[in-house]
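K.L.:
Chain by chain, the residues run as shown.
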Amino acid sequence: MNDNVNQKDQASTPQSGEVKVDPSATVQEPKDAPKKTKKTINFDKMFAKPTAFVDRIDAKVSQFGPMKGMPVMGRRILIIVMSAFVFFVAFVIVLGLVYRLLNPPTVIKRNPIPSPVSKVTPPPLEARNPSKYAEDESVLELEQKIRDLDKQITDTNVRESTLNPPSLNFEVGFE
Amino acid sequence: MRRILIVVMLALFVNVIAAPVQYTSAQEDFDFTKAYEDYTFSLDEYRKAEAGYQLKRSEYLRHDTLSSKNEAIDATRGFLKSRDQVVIAYLTALRKKFDETPGMSGSEKEPYFAKVDSEVSWHQEHKDRVDTAVTLDDFVDDSKEASDQYSKTELVAYEVLTAVSTGKLNSLRGPQGELVGQTNSKISGIRQAGDKDTSIVEKWILDADNEMVRAEEKMDTARAIIVEMKERLKSGEKRSKFNSSQAKMSEAHQHTKEANRFLGEIIIEIKTAD
Numbered sequence: 002m003n004d005n006v007n008q009k010d011q012a013s014t015p016q017s018g019e020v021k022v023d024p025s026a027t028v029q030e031p032k033d034a035p036k037k038t039k040k041t042i043n044f045d046k047m048f049a050k051p052t053a054f055v056d057r058i059d060a061k062v063s064q065f066g067p068m069k070g071m072p073v074m075g076r077r078i079l080i081i082v083m084s085a086f087v088f089f090v091a092f093v094i095v096l097g098l099v100y101r102l103l104n105p106p107t108v109i110k111r112n113p114i115p116s117p118v119s120k121v122t123p124p125p126l127e128a129r130n131p132s133k134y135a136e137d138e139s140v141l142e143l144e145q146k147i148r149d150l151d152k153q154i155t156d157t158n159v160r161e162s163t164l165n166p167p168s169l170n171f172e173v174g175f176e
Numbered sequence: 002m003r004r005i006l007i008v009v010m011l012a013l014f015v016n017v018i019a020a021p022v023q024y025t026s027a028q029e030d031f032d033f034t035k036a037y038e039d040y041t042f043s044l045d046e047y048r049k050a051e052a053g054y055q056l057k058r059s060e061y062l063r064h065d066t067l068s069s070k071n072e073a074i075d076a077t078r079g080f081l082k083s084r085d086q087v088v089i090a091y092l093t094a095l096r097k098k099f100d101e102t103p104g105m106s107g108s109e110k111e112p113y114f115a116k117v118d119s120e121v122s123w124h125q126e127h128k129d130r131v132d133t134a135v136t137l138d139d140f141v142d143d144s145k146e147a148s149d150q151y152s153k154t155e156l157v158a159y160e161v162l163t164a165v166s167t168g169k170l171n172s173l174r175g176p177q178g179e180l181v182g183q184t185n186s187k188i189s190g191i192r193q194a195g196d197k198d199t200s201i202v203e204k205w206i207l208d209a210d211n212e213m214v215r216a217e218e219k220m221d222t223a224r225a226i227i228v229e230m231k232e233r234l235k236s237g238e239k240r241s242k243f244n245s246s247q248a249k250m251s252e253a254h255q256h257t258k259e260a261n262r263f264l265g266e267i268i269i270e271i272k273t274a275d
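Residue numbers (my numbering), protein chains in the order written: chain A, 2 to 176; chain B, 2 to 275.
Next up, chain B with everything else stripped away, as it sits in the complex (with noise of 0.2 Å):
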């Protein structure tokens, strides 16, 4: 009797140790690639159950019995529940990866997660409520509300999108902007030296400048594009206004390019005699 209580005492010693261990090994497994695994998986499922809803939907309007108003009803929440899954598998995949792109810091991170959270919270919420509801009306107030707060949630979405376009330029551009800086000191050097002419240098070193002022012009503009855009625009429009501000970090991405281009022929020149 003594030792089967201290195997029981055991495993439950054990268990208690485990657990924890497995679940934080869990989530650190747990990572863009999984989360857009799942996303897309639940937008698969979303689609069969639209699918799932128009068919039963029409039927219902065709023949108008309780029968097909029953399986109106389950067909409608299912829909409802795996859209509302859909939106927070897909603001997960965009939090890991914007959770995984460098060049900005927890802190400046942190606003865009409390509003993903806060977008996932709210649809969470709604899928849980999707299963009170009764009648087919409660469907449609349900849906109703769910498309207000959608429009909520593409401004978040494409909020975030920025920060990430703008996380991977800074990314470049500290590195970009530390290399010039050692530039600058070495034809400093040079021209104290005396034994090089430097002033070719000395102004390209001041275009690669530019391109880099250029750059971060771009990124404001194209951030700016996104702080204006309004709640009430239909997606299209929002998409729409997303695609030009890409368009901005794209040339923000190209004087970057260019600004490096710069420093490379100022390094061939550095090796040239006169």
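Isolated chain A (complex conformation) (with noise of 0.2 Å):
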């Protein structure tokens, strides 16, 4: 089982920078001990022949100053990982913008709602086919004593809740 894993590790190319097993790094145990295969992994091996990509890359970083005291293999992994978030925000952007593209937004056009406003609504004393009694002086001065009287009924009060007699103690006793 664990030869097949290796020879299947062994199989898949080491320039892919895959995980892969070294046999040379499994541990030496006694002959007599069941044959054991420890998985580790060679950064060595792994970044010594990098993609053309990356070593392309590596080539021109490796010449800008903060990165030139820096390990190889340290500077390899770091434009691996940038390079890796780099696709991965470009992946986004592009997904976004075809998803944009496939469903365009649907605008919502908002109507500006008034601001509710309190009003007192006064009776509808307009006549809409007006007789010869629509414009007597009587009639409005009847109309308009009515409108000011109805204005004093709905403003007026007939309980004073705020009078009602206090609730006092008075029990007093000492036993």
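Derived from the structure by calculation, the hints contain no laboratory data. Mixed in with the good hints there might be a few duds.
[What the hints assert, rightly or not] Residues of chain A placed beyond 12 Å of chain B at every Cβ, according to the derived structure:
(1) V55
(2) A60
(3) S162
[What the hints assert, rightly or not] One side only, chain B facing chain A, incomplete, derived with CB under 8 Å:
(4) F114
(5) S119
(6) V135
(7) Q183
(8) K187
Where a beta carbon is used, it is the ideal one built from N, C-alpha and C, also for glycine.
These two chains come separately, so use the hints to put the complex back together.
P.N.:
See the structure below:
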């Protein structure tokens, strides 16, 4: 079973940057002990033959001042991580643009909502088909008086709830 | 020497003239708003005094020492006096409110004023009498007296409050009665001129009149509830009866409003061609 795994790992290309089991890195065990192989990641070997892309970037980055003193392996890891991040962000942006193209956003047009204004509506005293009394002075005077009284009635509160007799304590005792 | 005498005489004269003017001005400025402020202040003082009484009473009952007894006597005296004071301030505010309420004549208000004044006098005397109490038993007796009297005070208060509601409704119903009369006259004029059918508005004016009659009936019922209220009832029961009386007053107010609405519709009908 373990041999199969080793064969499979060996078959995969190291250039791909994948984790590879290094047979040389296996721990030497006594001969009589059952054969065991330990999976280890050999980063040296892994990055020994980097992809052309990483190689090219590394060649340029290594000239850059702060990166000069950095170990080769660390620099390459950094390049890979940064590249993966940049590709991921670019992928998300492209995905968003494609989605936006396929589903154009519907624009909701909001009409301005007027603030509610509290207003006492006077009784509709206007006649639709006016009679000869519609402009009669005494009728108009009566109308105005009725309106005034209506307002007075509405403003009147017959209850004086703040003036109810106070509740007092009359229980005085010392036993 | 003569100059000094003149200055002193002048100062005395000015003082004698100015003092009554200042007193009259102070009397005029004392309205319901100020009376109500006094009442709420007295109520706060009463609550503090009651808390003090409860504390000193429990301390006396726990320790039963002469010192705690004296402290309990002082606290109880303060409590009883503040209780009388709150009743006096309340009745004064109530009197001012009634005084400022339109819709009732001076002669109609007078019996109510007399009842309120009588209650104020009693509580004032009782408040002064509390000072003469010496033992804790004296305070217990004084408090019992005040409790019995407050039962009467509550009745007077409810009577005055009902009179305030009556006055307010009267101040609306008076002008409304005049408007009904004027509208009726106008309808009669139109009928005599014969240039418009008045049968509908004649019916509606009767409806408006009926609403006014119903309002009057509700007011009578409300007053009857208060007149029938007995002194011996507990405070809560009195309050309950007063609330039902006020509910009748509200119904009377609603009928008054309805009568006015009918008058408005009559005007629309008069202004509309057949």
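K.L.:
So which hints don't hold here, by number, going up?
P.N.:
3, 4, 5, 6
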